[in-house]
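The whole structure should be built from the sequences, with the hints applied where relevant.
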Amino acid sequence: MTTGLPDAEGTLHELVERMRPAVAYDAAFVGIYSGGAWLAERLAREIAGDHPLGFIDVSFYRDDYATTGLKGGTKRSEIPFDVTGATIVLIDDVLFTGRSVRAAINELFDFGRPASIELAVLIDRGGRELPIEATYAGARLAVARDQNVVLSRDAAGRLSLGIEPFRAS
Amino acid sequence: MSAAGYRYGRDAIGTLEIRNGRVIDPASGTDRHAPVYVADGAIAAIGDAPSGWRAERMLDAAGRVVAPGLVDLAARLREPGLEHKATLESELEAAIAGGVTSLACPPDTDPPLDEPGLVEMLKHRARLINRAHVYPIGALTVALAGETLTEMGELAEAGCVAFSQADTPLVDTQVLLRAMQYAATFGHAVWLRPQDPYLARGGVAHEGEVATRLGLPAIPAMAETVALSTIFALVRDTRVHLHVCRLSTAEGVAMVAAAKREGLPVTCDVAVHHLHLCDVDIGWFDSMAHLVPPLRGTRDRAALRAGVADGTIDAVCSDHAPVDDDGKQLPFGEAEPGATGLELLLPLTLKWAQEERVDLASALARITVHAARVLRVPAGSLAVGAPADICIFDPHHAWRVTPAALRSQGRNTPFAGYELVGRTMTTIVGGQVVFEA
Amino acid sequence: MPNRNPQLNADGALTHLLTLEGLPPAVIRHILDTAVPFVGIAEREVKKVPLLRGKAVFNLFFENSTRTRTTFEIAAKRLSADVINLNIGASSTSKGETLLDTVDNLVAMDADLFVVRHAQSGAPHLIASHLIAKGRTHVHVVNAGDGRHAHPTQGLLDLYTIRHYKGDFANLTVAVVGDVLHSRVARSLIHGLTTLGTAEVRVIGPRTLLPAHVESMGVQVYEDMRLGLANCDVVVMLRLQNERMKGALLPSAGEYFKHYGLTMDKLAAAKEDVIVMHPGPMNRGVEIDSAVADGARSVILPQVTFGIAVRMAVMSILAGA
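Protein chains in written order, with our numbering: chain A, 1 to 169; chain B, 170 to 606; chain C, 607 to 927.
Accuracy of the hints is not assured; some may be wrong.
The calculated lysine-lysine pairs, modelled on DSS-like cross-linking and capped at a C-alpha distance of 30 angstroms, are [said to hold, decoys possible]: (1) C:Lys740 x A:Lys71; (2) C:Lys852 x C:Lys772; (3) C:Lys654 x A:Lys71; (4) C:Lys740 x B:Lys497.
No lab work stands behind these hints: they were computed from the structure.
Keep in mind that this is a model prediction, so the values were computed, not measured.
The structure is reproduced here in structure tokens:
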């Protein structure tokens, strides 16, 4: 059963309010493509400080390669700052099983050795399969297992949330 | 004619009567339903029974064609020396299963057939096995090396019906000239496969679009035509009986036609594979399609098909070459060339005839009487008094080519999986039934 | 009956890379697109991704080549695969073991991917067909060069390079210069270019070095280099091997360089922003002048970098099929 979907922009505002007092001045914001990347851009604009911006594609670190192979559309990860010694906030749109975050952390460690990594997500829908929790979450949501929560961005840059049937890849 | 008859080998029959079949004898132009009477290993009569006739055995050939046993101008039996590929026993079984009752085997055995003793032993072995008649082609030069002439007289006495270099090129034109002069002196026939070794050097496939795309070293058509030019010039001078083996190019067909028009004593054959396949059938480097001469282009195939129809090409043969798995499971260029063919000669000839709208009798002529004429042996006809070598086949029987089911030890055929029409049902050699399907 | 093209599996996914001929354009584009993120790996501190961790890649080189073998080894190791090199050198039959027996033995040792180079055209096809016949659907073959037939990863990295510098193929004129007759690099590149809709593909060389019927591959033939280079966007120089002089195909390297060697002077016939490529290794002063090889229009070194990324893309697509 799925509870009513919150408004994405409103939830983002909630997330910003939670992060603003807590996040380090020079923390780097690294967004996981594509939803996390959009969020990272917005957060870097709205939270004051010197926040280097990075984007990460976790396709090469996923744990389901053996069953699903390499899906198309892999993008280049862009990490234009030195990861070693950096304070990083990893950003994703929806936290579910925790596997994408695990992959992103592994990938960041191949760039260098960060001082710390925090996790910020717009929506935490529960259903964790790994011991991973968000440091900052915009909203919590119960979602049926056969459904996906999807973040979209329109031409004007406005974010919105939607529900799609879960497609087994 | 004795009522008691004679006893022959295993299957002791005296007189044999074949009823209800359609008798086709291209040599005499016979094509009618009539009974055939066999006695003393020979054709006793066709149509009306001889006086006092009593059949000890009757064969019902209803729905079938009763034809002369097929005559195959090229079938490698791999003995002596190459017994790991095949033996006389297995290949002669394959021959009669294919309706072939007389075959010529090339001299490329190990050692080559350049000594009377080897030829005698081969003929002796074949007689003991008592299946098809084997006519050895002797080596033209010792060890096929192209330097010294063989004792053609002795070899002919031992049973050789012609002399050839098989697939080994004879480069020294002076030696070739002298070999032809010597053979012509005694009336021996010389059989040559026209291929210039230098133009063909390193090549494994026909020089065309397919070889270019697949990056296979190529053999140009010129390798055949240059060789034919040389051969015909020498024939013009020596007037030796020259048989051109395994024609493969359109230009080659035209050259043979011109040579015949000129009156040169020339005959020629084509391997039945080349009437159906072309270089495209190599597909993705299928080594079953690695043949010599190579499968050429569609234009060449069309010319070969027309050449058989209009008589430029006298006979069709199987060019039977059994190759074991180890020989074929190699990259295309390294694989041993050749295809197994004795059991497919009949249906593939019938397929050509059906597609080119050639009547059955004319088609059968190419694998009976015409071939026998090239070989210059008494075979390929159902004349009264002729040896009772008979192929009874069902011209409508459809069957799938399954390599594992072939009797030849060579399972190597590019026709694996093809559905063909025409199957030998009974084969008779010397009046004995030696094969029944 | 021609046997089936074994490159695509029952689901239409690439399961062996044997030749660019007959590959749907979408498959080729997918490989090129997948290579893009792999180019970035070289700029990281840890130049590895874990995609092929636990997989065994066997380099089966029946024909020696340190360069190609090394780039495949680097690519496989950057994918975290285990790499085993087998230099069989001359034909395996000289050791008494057939090619397919060698393959079967390695499969029994849990090989996941074979990178095969062989002097005979069609050898990788034979191996792939054999694996399919034995039901080994999780073992994949990459052709690293077979005889004169194909060198598909080289063709792909050449396509990648061209796309990187020139964008779409639809408006390009590409010239391939040199010994096309013996060149698997040329054949693969020509197939790739025509499949992706290149406006004009030219081959330039003396008649002795051009295959008969080469036009059937969709190319324009030029025996005059200046005419052939006119208005080209891309020039690909092929290596000339010494053996060609011995086979009566050419009189001398000197005469070849005079007519078909790429110099700044001849290059001037092409477009101003032409790029110059070479699969390597180069014979300076034979097919290409040093001034051009080291000049502003040369992209020969970037080709090498792209080559590693393209090979990583190929191996990860195959191993995931």
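Outcome of the hint check:
{"no.": "1", "hint": "C:Lys740 x A:Lys71", "result": "28 angstroms, holds"}
{"no.": "2", "hint": "C:Lys852 x C:Lys772", "result": "38 angstroms, violated"}
{"no.": "3", "hint": "C:Lys654 x A:Lys71", "result": "19 angstroms, holds"}
{"no.": "4", "hint": "C:Lys740 x B:Lys497", "result": "17 angstroms, holds"}
In terms of the numbered hints stated before, the structure departs from hint 2 and from no other.
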